[in-house]
Amino acid sequence: MSQIRAHFKLQLESFALDATFSAPAAGVTALFGPSGSGKTTLLRCIAGLERAAGSLQVDGETWQDENTFVATHKRPLGYVFQEASLFPHLSVRANLEYGFRRIAPTERKVRPDQVVEWLGLSRLIERNDPAQLSGGERQRVAIGRALLTSPRILLMDEPLSALDTASKQDILPYLERLHRELKMPVLYVSHALDEVARLGDHLVLLEQGRVIASGALHETLARLDLPTAHFDDAGAVIEATVAQQDEKYQLTRVDFAGGHLWVGKLGQPSGTRVRARVLARDVSIATQAPQGSSINNILNARIEEIRDEGADKVIVRMMVGESHVLLSRITRRSCDMLCLTVGMDVYAQVKSVALMS
Amino acid sequence: MNPIDPSDLQAVWLTLKLASVTTFLLLLIATPLAWWLAHSRKWYKGLVSALVALPLVLPPTVLGFYLLLLMGPHGVVGELTSALNLGRLPFTFTGLVIGSVLFSMPFAVQPIQNAFEAIGKRPLEVAATLRAGMWDRFISVALPLARPGFFTAIILAFAHTVGEFGVVLMLGGNIPGETRVLSVAIYSHVEAMEYGAAHWLAGGMVLFSFIVLLALYFAGGKSWRVAR
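Quick note, the sequences are listed as chains A and B, same order. Per this note's numbering, residue 55 is the first one in the first sequence, and the count goes up by one each step. Per this note's numbering, residue 56 is the first one in the second sequence, and the count goes up by one each step.
Bound-form chain A, shown alone:
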């Protein structure tokens, strides 16, 4: 399978980057870490906007090594900056087509009308002054502009972070749709765990300029040795399929290997893949089948690992079926009283599930 392989070393005044990772050149790879961890610098190195020592191969092509440094404008990439950065002297249409006009006609795999449709730009494209667009609209135009260069890889640097919550909610469905419909690998920088859990397939975790973990998203988010498992909104991601609608109670059953979950009614037809996020703080553990519980979702699980979290809490990793993981954050007192140990079969009670597409 084609891969992105990167190794960069860069010494700046206040910050050192020394990052090595490889990721599949398919799906969304999230570069995740706290502010100042070097995510953006790493992305800029990949784009050639920052010149670091190191090497970079994308999809079998060398963009940088000891003897090579392909200039940014010669790399077949798309880049979406934190701020939309539309050209103020160009109309919305001229902004969209800026890159499109600069690639050879034979390389134009993405067409303007497709982008207009995907990103809902039909009402915006005739506007002359991009400064009059809202933040979310501007960012959609910027994404379209990058896509129209038919890039082999799309780099996105916290494209939602400069937007308010409403604009964010407005733009996320577009991103998910792009992700599903365009088979274009994406490197997505973010410091918001919910965004990463929602959009990512692969996760590269950064801390102080170093890569501390890299792997499939659901596996990496479930690793208790990483800081992500100890965030307040830590949790597991489960890929499931819409299976059954309950009209009476307005619920939908989504199935995955090893169990099912009842969630608030979904519009999608049976067979649609959905991604569910179950936060560790929303999962409690019982050693016997709960009787008379109001909780809809009780799953058979086996404890895989228990780790202390501060003085009063523990976080528990459980397997549901062969391949799905759940995290549960409970008090240390409960853990001791239930005598939870690794290998034990338990019941995981899921209080709430967030459906993400």
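It should be emphasised that the hints constitute simulated quantities derived from the structure, not laboratory data. Keep in mind that the hints are not guaranteed to be accurate.
[Unchecked claim] List time: in silico PhoX-like cross-link candidates among lysine-lysine, alpha-carbon distance up to 25 angstroms:
(1) K97/B x K176/B
(2) K128/A x K176/B
(3) K63/A x K176/B
Fit chain B to the known structure of chain A by using the hints.
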């Protein structure tokens, strides 16, 4: 009495010619210089900035004096032009152009430099990720975004050259059709007690300068609103 005699018209024409040539040359020189000053991090950038700004603080006569020495028969430039069979530069139109270019340099460089600096790196980086090469980025992004700065530079350089007196007098003297520009013509009229003719030219200068400044203020309001 005919208010404007042919020699005065000649002076007006010569002044406009000098200002046009000077402005054109200044754009050619100031644009790359301003770009370099806006983007360079070399230690000697401050040195170059100071040299460019020097005519702002120097009396024009000082600049004219040293240029006269340089271009004169014993000056480095003078010896060079003699060796190349180009003759002497002082008291010629070419000499005036050289003096004017140096004297008006800061008025052209600084607005353009400010405009380039205000653009910042981001639009150019965006253009690079959209497949634009270096020249393409300069022409399709930097130049149009810096347009207000160029407009200011053109007007200031042109107007400043029209109004210059000290350098011309030191370097060019008062040769009709060759170096006798407006400001010198006014001076000569006043010396000769021809106040009527001086009025026509001086009044015209006042009007011209006012219109230029007016245009500048209106153009200043029209700069790009930069969208984030």
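query = Which numbered conditions among the earlier hints are violated in the structure presented, ordered from lowest to highest?
reply = none
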